[in-house]
Amino acid sequence: DAGVIQSPRHEVTEMGQEVTLRCKPISGHDYLFWYRQTMMRGLELLIYFNNNVPIDDSGMPEDRFSAKMPNASFSTLKIQPSEPRDSAVYFCASSSRQGRTNEKLFFGSGTQLSVL
Amino acid sequence: DAKTTQPPSMDCAEGRAANLPCNHSTISGNEYVYWYRQIHSQGPQYIIHGLKNNETNEMASLIITEDRKSSTLILPHATLRDTAVYYCIVRVFTGNQFYFGTGTSLTVIP
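Taken in sequence, the protein lines are chains A and P. Numbered per this note's numbering, the first sequence finishes at 116, counting up by one with no gaps. Numbered per this note's numbering, the second sequence finishes at 226, counting up by one with no gaps.
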């Protein structure tokens with residue numbers, strides 16, 4: 001398996017522009033998570049999905065952020081309009097519960113977002 | 117989920133054992149202890165987890181105290197590639213969220 005795949009690897013944009021981050025979870029995983037990492041706040045959980053349904057979006061900072069999971073193999077995190085304070089590394093992770101005790105999160109390589 | 121406390125940084129000589137402590141004094145009976153690490157510019161990587169008993173795998177050992185209020189991750193023979201930030205997390209097995217704290221930045225010194 002190729003693991004969790006995120007794109008793009010790096011994104012540089014100007015303030016006010018729309019940004020879309022993409023994630024392909026590991027095949028068969030039924031949970032998908034979006035995290036954001038900054039030096040000041042560390043790793044923050046933004047939102048997670050179970051079977052394509054958003055379960056908890058309490059970590060989404062504001063209405064400028066939205067996330068979708070149209071099918072089991074694809075999710076997007078959109079920021080519109082983007083602001084310089086959104087600059088961070090955004091990670092996508094997936095996992096499979098299936099009653100196992102050794103549930104593990106598998107992370108993608110992240111998207112480094114810079115908003116100028 | 118219970119809060120964890122870790123030292124912000126540690127050094128370890130290459131080839132020696134690295135012992136990373138974690139305090140989780142408010143842990144509940146059904147909460148597991150997980151360890152992840154993050155090598156610079158990569159996504160966090162699972163290391164090990166446990167509930168009550170000590171655990172060992174090919175990467176590390178996890179020692180959990182009898183009262184479960186603290187644990188230690190042991191890397192038996194640290195290498196330069198083990199330089200990373202190590203996160204201790206406690207979570208309920210049926211819970212869905214992994215909350216990462218600030219972790220311990222481990223530097224393995226040649």
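Check the hints yourself; a few may be wrong.
Coverage of chain A stretches by chain P, computed from C-beta distances (three or more under 8 angstroms per stretch; other residues unrestricted) [claimed, not checked]:
(1) 63-72
(2) 105-116
Per label pair, the in silico range of CB-to-CB distance [to be verified]:
(3) E62(A) / Q213(P): 16 to 22 angstroms
(4) D56(A) / N146(P): 17 to 23 angstroms
(5) Q158(P) / S73(A): 28 to 34 angstroms
(6) S157(P) / G28(A): 39 to 45 angstroms
(7) D57(A) / K168(P): 32 to 38 angstroms
(8) I190(P) / G42(A): 22 to 28 angstroms
(9) G16(A) / I190(P): 25 to 31 angstroms
(10) E44(A) / I225(P): 26 to 32 angstroms
(11) T218(P) / R85(A): 18 to 24 angstroms
(12) P81(A) / Q161(P): 31 to 37 angstroms
(13) G42(A) / I225(P): 31 to 37 angstroms
The set of hints was computed from the structure by calculation and includes no laboratory data. No residue lacks a Cβ here, since even glycine has one placed at the ideal position from N, Cα and C.
Does the Cβ pair G42(A), I225(P) satisfy 31 to 37 angstroms? Taking Cβ atoms as reference, G42(A) and I225(P) lie about 25 angstroms apart, which means the hint is violated.
Assessment of proposed distance window 25 to 31 angstroms (beta carbons of G16(A), I190(P)): violated, 49 angstroms
Verify the CB-CB distance for P81(A) and Q161(P) against the hinted window 31 to 37 angstroms. holds, 34 angstroms
18 to 24 angstroms as the expected CB spacing between R85(A) and T218(P), which holds or is violated: Because 20 angstroms falls inside the window, the suggested range holds.
Given the hint of 28 to 34 angstroms, check if Q158(P) and S73(A) actually sit that far apart at their C-beta atoms. At roughly 23 angstroms between Cβ atoms, S73(A) and Q158(P) fall outside 28 to 34 angstroms, so the hint is violated.
Can you confirm whether chain P covers the region 63-72 of chain A, using C-beta to C-beta distances below 8 angstroms and requiring at least three such residues? violated (count 0)
When you take the CB atoms of I190(P) and G42(A), is the distance between them in 22 to 28 angstroms? Since the Cβ atoms of I190(P) and G42(A) sit about 24 angstroms apart, the hinted range of 22 to 28 angstroms holds.
Holds or violated: 26 to 32 angstroms for the Cβ distance of E44(A) and I225(P)? holds, 31 angstroms
Do D56(A) and N146(P) keep their Cβ atoms within the hinted range of 17 to 23 angstroms? holds, 19 angstroms
Given a hint of 32 to 38 angstroms, does the C-beta separation of D57(A) and K168(P) actually sit inside it? holds, 34 angstroms
Please check whether the region 105-116 of chain A has three or more residues whose CB lies within less than 8 angstroms of a CB on chain P. Coverage by chain P holds here, the residue count being 6 at a Cβ distance below 8 angstroms.
Evaluate the given range 16 to 22 angstroms for the C-beta pair formed by E62(A) and Q213(P). About 20 angstroms separates the Cβ atoms of E62(A) and Q213(P), which means 16 to 22 angstroms holds.
Hints 1, 5, 6, 9 and 13 from the earlier list are contradicted by this structure; the remaining hints agree with it.
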